[in-house]
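Enquirer: Each chain is listed here by its residues.
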Amino acid sequence: MELSTGVREKHLIQNRLMVAAIGGACLLILLVVRLIWLQLIETERFQTASEANRLQTLPVSPARGLIVDRNGLILAENRPNLQLLLVPEEVDDIDVMVSEVRSRIEFTDGDAERFAKNLKSRRRPRDPVVVKDDLSESEAALIAVDLFQFPGLQIEARPTRFYPYGGLTAHSLGYVGRLSLNELQAIEESRYAGTETIGKSGVEKAYEDALLGQVGVERVETSARGQIMRSVDRDDPVPGADIPLHLDIGLTAKLYEALGDRRGAIVAMDPQTGGILGLASAPTYDANAFIGGISQAEYAALQVNQDTPLFNRALRGQYPPGSTIKPMLGLVGLHYGAVTWEKEISDRGFFQLSGDDHKYRDWKKWGHGRVNIEKAVIESCDTYFYEMAVRLGVDQMSEGMRWFGFGRRQGRDIQGDLPGILPSREWKRQARNQSWYLGETVISGIGQGFWVTTPLQLAAATTAMARRGNFIEPHFSVLEDVDAGSPVPLGDSMDWERMIDAMEDVLHGERGTARGAARGLNYRIAGKTGTAQVFSIGQEEEYKEEEIEERLRDHALFVGFAPADSPSIVLALVIENGGSGGTTAAPVARQIFDYWMLERNEGERAPDETYVSAMNQQVLGYGNADSN
Amino acid sequence: MLTATDIGQIESFRPKRFAQRYGVDPLLTLFVLVTALYGLIILYSASGQSLSMVIRQGAHVVVGLGVMAILSQVRRDIIVHVTPFIFAFAILLLIAVLVIGVGAKGAQRWLDLPGLPRFQPSELMKLALPAMVTWWLTRRQLPPTISQLAIAALLIVIPVALIAKQPDLGTSIIIAGSGFFVIFLAGISWRLLAILGGLGVASLPVLWMVMRDYQRTRVLTLLDPQSDPLGAGWNTIQAMTALGSGGMFGKGYAAGTQAQLKFLPESHTDFIVAVIGEEMGFVGVSLLLILYALILGRCLVLTMRAQGHFGRLLSGSVTLTFFVYVFVNLGMVSGVLPVVGVPLPLISYGGTSIVSLLIGFGLIMAMQRTKRVLSGES
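Each protein sequence line maps, in turn, to chains E and B. To convert, note that position 190 of the first sequence is 190 in my numbering; the numbers rise steadily by one, no gaps. Just add 628 to wherever you are in the second sequence, counting from 1, and you've got my numbering.
Just so you know, not all the hints are guaranteed correct.
Now the in silico label distances, taken between C-beta atoms and shown as ranges [stated by the list, open to error]:
#, chain 1, residue 1, chain 2, residue 2, range
1, B, Arg840, E, Phe162, 24 to 30 Å
2, B, His709, E, His11, 25 to 31 Å
3, B, Phe713, E, Asp95, 54 to 60 Å
Dumping the calculated SDA-like pairs for lysine to any residue here, alpha-carbon to alpha-carbon at most 20 Å [as the list claims (entries may be wrong)]:
#, chain 1, residue 1, chain 2, residue 2
4, E, Lys200, E, Ser121
5, B, Lys793, B, Pro833
6, B, Lys890, E, Leu55
7, E, Lys10, B, Val929
8, B, Lys890, E, Val96
9, B, Lys890, E, Glu221
10, B, Lys890, E, Glu90
11, E, Lys364, E, Ser121
12, E, Lys428, E, Leu438
13, E, Lys120, E, Ala289
14, E, Lys120, E, Ala141
15, E, Lys10, B, Pro833
16, E, Lys117, E, Phe148
17, E, Lys10, B, Lys793
18, E, Lys10, B, Trp818
19, B, Lys890, E, Leu438
20, B, Lys793, B, Phe717
21, E, Lys10, B, Phe717
22, B, Lys890, E, Lys364
23, B, Lys644, E, Gln14
24, B, Lys890, E, Ala289
25, B, Lys890, E, Ala52
26, E, Lys205, E, Gly516
27, E, Lys428, E, Arg468
28, B, Lys890, E, Glu51
29, E, Lys10, B, Leu777
30, E, Lys200, E, Gln14
These aren't lab readings, by the way, just hints derived from the structure by calculation. Computed from a prediction, not measured in an experiment: that's the story for all the values here. The beta carbon of each residue, even a glycine, is placed where N, CA and C say it ideally should be.
Work the whole structure out from these sequences, hints included.
Expert: Right, here's the structure in full:
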């Protein structure tokens, strides 16, 4: 009985073991089936997933094209820049990270502020944010040692835009900056895959497409932590094209030197091609400050500066042209028969419309006496042009002046210029919903009233004079030297020569308004002075009295070209609140003409470096609010 | 120089006789050794070619084999007698873990006593519990009565609850399983089993309530790994990707991108089979499965031969527990079971696991030694 119980129990256990073994075998078969499904049937799917894990496609940013001046001097280049970057998505606590960085390298409040701003600005997911720009080698080394402790932090040598001439070129080249939200929506995203900056203004913006280049692609093997193990293959990027300009950096430096600490703008053009030889807007600013993101304090300083260094006076400053347009207006008057070369008037110092008591005064209180059109240009007689304007009428006046490019934006590769206003009945009705008054025609005759132009427009119009009746669109790059201009269908070549002779007498004649600036000239300049009234001060009432007076003073203008018979340079300049064009603007122009005609050494192309940097200092120093 | 007698002895070599005489079963030892060697080879790749890790693991294997050999010499009746004391001791240690234990990642599993290597008392319980249940049930006739079963259930629930509280869901499930296997093998009636099964299913919601959040996430993730591919689903997705991308023959030894580039988590411990699958393919995993089948088969044979009910029940329970290890680990890595943190037996890196497994095999071997041999008769 004992034994049989034992045997029975043994069998019981063995039976149960068999059941368990069979159950286990079934489960093992289940596993094998699962493995077959995973490894033999769905292989391809998992291999794809595994490759996707392993390989990452990284964009390789192309080098941005250079911008060079007419002599091949580099105006915009790419400088290697060691940057400390952070991918916010990979960092748990950014504040902790920043304090870790702070404990290793110098990290100023300005840096912190810039970083905070960069962090806030919109970017593509996983795009790194610059923590600190321009690390020194030793700073980079200090961080690099501990980099493994900080996932999400990286050091990269990324080429950064650099403008060697700083403030001298800021208003013509513009600058590149971080892609903004609006730009992100407008661009073709794949082209900017490796690029975080875009041309924001100036030549940088106009030639963005060419400067950008073609993005490259690198496939890399990465670890699960995103560490790059090795490069698998690579399509090299195509660097952006270099953009050659007409700009002459030596001349540009001279423009700023001539302006000195005055507010104003100068545009110098090559009458052969319409290329812009130099462009100055003073005060200016250092575009390099904008590259890595400018700090709030720096930006605020530039913005509140009463002299508005960020404002591009050459392209966006809209000034009454004053008397500078008299030679052109004279040609229009001759063309439409409002005057003849022979016609003379008797100027007693003012002009009156019939049936109106109002006296439109000449700048010369007692008048110029007997005046023909040539004398009217040379002495800048206002009365003559008041009368001519009335005969001509506003419609023909604006129709004729339109040939010189007034009242519209200049084309080609110029970014951000304003159209100014060339007044007409039509314009006044549309813009102001008012009808035209005859008195407005009168003052338009001396470039006042509604009429405003930019220095660029004045330069372009004067270039049409220099080309004896052929208008060519102003442009920065030699790439835009594409046509021979379009004729200005006013009068014949004799008319143009005669008017230019009168313009020469503005400097070289005994009674010319700019004769003071022409002393000792051994080449011929044709020019015209202008003095534009400032009539709107509005909100500036809170300024000091002497300040108001300064800001109420007339703008001094000058347009001209040299040598008069075969011009190689055209100048248009405005000196804000400079007073009279003849005494203030013309001498500034003379300095520049002298540089171009006499001092400039064609063989020695590069401007002296210390001279340029001194110019830069002076110009930027003026642009700084604190030094005022 | 072999003599005829030697040759005769070799020819007459019988594993059964050898095992019954000397305790150590040559076949099981061979299978375990081959599997462990396979594990060391894989470990070298899975650890990122860390020779020191392989050497340490090799040392674990050697120590484990030594302990196995020693244990196989111990007399069955001594084992029976010390079982209650070992069990009580293990319970004390588990309580100690909850009070003064150390741990990582929110779980408190280790005991760091001065003068001893750091260890997990739950490992001791893996053998102490089935032995205790066996001890209890074999005091009376089989099959057990309801009241016996109730006591047995209590013996299981107390340590399981202590371990689950650490928390260590994987181990507590396996230990509960090892206790249950004893009851199952002892002949619990099918009807009772069905009732218990029904109760078990009914208690699932309760289990869900007491689970920690991360444990729930693991279960949910199993149902849909893609629901959280970078979080809780990451392990499963990466392990399945590793296995699947290995294909038939694998990407080559130490050339698995999932493992080498660290996409695969815990590649040298719980998920090591994914490394085998990725680098050696279906062939490599099948080889492993064959080795496990051999071990399990041999354990079954030894269980059949085990002496006495205690021996049979304990051997059977240890064997089935070993199987559960294999199944749960492979099931978790291949995505059919939730991620519960069970190492792959004999392959995953870790000393405690290897040594406790080999102790189990030592017990199986001890259970099949005959009295005759014990008393020195030939």
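Enquirer: So, for every hint listed, does it hold in this structure?
Expert: The hints, checked one at a time:
In this structure the supplied range 24 to 30 Å is violated for Arg840(B) paired with Phe162(E), their Cβ-Cβ distance being about 57 Å. Remark: the range hint 25 to 31 Å for His709(B) to His11(E) is upheld by a beta-carbon distance near 27 Å. Between Phe713(B) and Asp95(E) the Cβ separation comes to about 57 Å, which falls inside the hinted range of 54 to 60 Å. Under the criterion of a C-alpha separation no larger than 20 Å, the hint pairing Lys200(E) with Ser121(E) is consistent with the structure, at around 16 Å.
For the proposed pair Lys793(B) and Pro833(B), the alpha carbon gap of about 18 Å is at most 20 Å, so the pair holds. For the hint linking Lys890(B) to Leu55(E), the alpha-carbon distance of about 13 Å falls within 20 Å, and the restraint holds. Straight-line distance between C-alpha atoms of Lys10(E) and Val929(B) comes to about 14 Å, which keeps the hinted pair within the 20 Å bound. The straight-line distance between the Cα atoms of Lys890(B) and Val96(E) is roughly 27 Å, outside the 20 Å bound, and the hint therefore fails.
Taking the CA atoms of Lys890(B) and Glu221(E), the gap is near 12 Å; set against the 20 Å cutoff, the hint holds. For the hint linking Lys890(B) to Glu90(E), the alpha-carbon distance of about 17 Å falls within 20 Å, and the restraint holds. The suggested pairing of Lys364(E) with Ser121(E) is violated, with an alpha-carbon distance near 58 Å, which exceeds 20 Å. Taking the CA atoms of Lys428(E) and Leu438(E), the gap is about 13 Å. The hint holds against a cut of 20 Å.
Restraint check for Lys120(E) and Ala289(E): the C-alpha separation of about 19 Å stays at or below 20 Å, so the hint holds. Note on Lys120(E) and Ala141(E): the hinted pairing is violated, with a Cα-Cα distance of about 28 Å set against a maximum of 20 Å. At most 20 Å may separate the alpha-carbon atoms for a hinted pair to count; Lys10(E) and Pro833(B) exceed this at roughly 38 Å. The straight-line distance between the Cα atoms of Lys117(E) and Phe148(E) is roughly 26 Å, outside the 20 Å bound, and the hint therefore fails.
Between Lys10(E) and Lys793(B), the direct Cα distance comes to roughly 37 Å. Violation of the 20 Å bound is thereby established for this hinted pair. Between Lys10(E) and Trp818(B), the direct Cα distance comes to roughly 18 Å. Compliance with the 20 Å bound is thereby established for this hinted pair. For the hint linking Lys890(B) to Leu438(E), the alpha-carbon distance of about 85 Å lies beyond 20 Å, and the restraint is violated. At roughly 18 Å between alpha-carbon atoms, Lys793(B) and Phe717(B) fall within 20 Å of each other, so this suggested pair holds.
With a C-alpha separation of about 31 Å, the suggested pair Lys10(E) and Phe717(B) falls outside the 20 Å cut-off, and the hint is violated. Note on Lys890(B) and Lys364(E): the hinted pairing is violated, with a Cα-Cα distance of about 89 Å set against a maximum of 20 Å. With a C-alpha separation of about 19 Å, the suggested pairing of Lys644(B) with Gln14(E) holds against the 20 Å cut-off. Note on Lys890(B) and Ala289(E): the hinted pairing is violated, with a Cα-Cα distance of about 43 Å set against a maximum of 20 Å.
A threshold of 20 Å between alpha carbons decides the hint, and for Lys890(B) with Ala52(E) the separation of about 14 Å falls inside it, so the pair holds. For the given pair, Lys205(E) sits about 41 Å from Gly516(E) by alpha-carbon distance, which is inconsistent with the 20 Å threshold. Of the supplied pair hints, the one linking Lys428(E) and Arg468(E) is violated, its CA atoms being roughly 31 Å apart against a limit of 20 Å. For the proposed pair Lys890(B) and Glu51(E), the alpha carbon gap of about 13 Å is at most 20 Å, so the pair holds.
For the suggested pair Lys10(E) and Leu777(B), the alpha carbons sit about 19 Å apart, so the restraint of at most 20 Å is met. For the suggested pair Lys200(E) and Gln14(E), the alpha carbons sit about 86 Å apart, so the restraint of at most 20 Å is broken.
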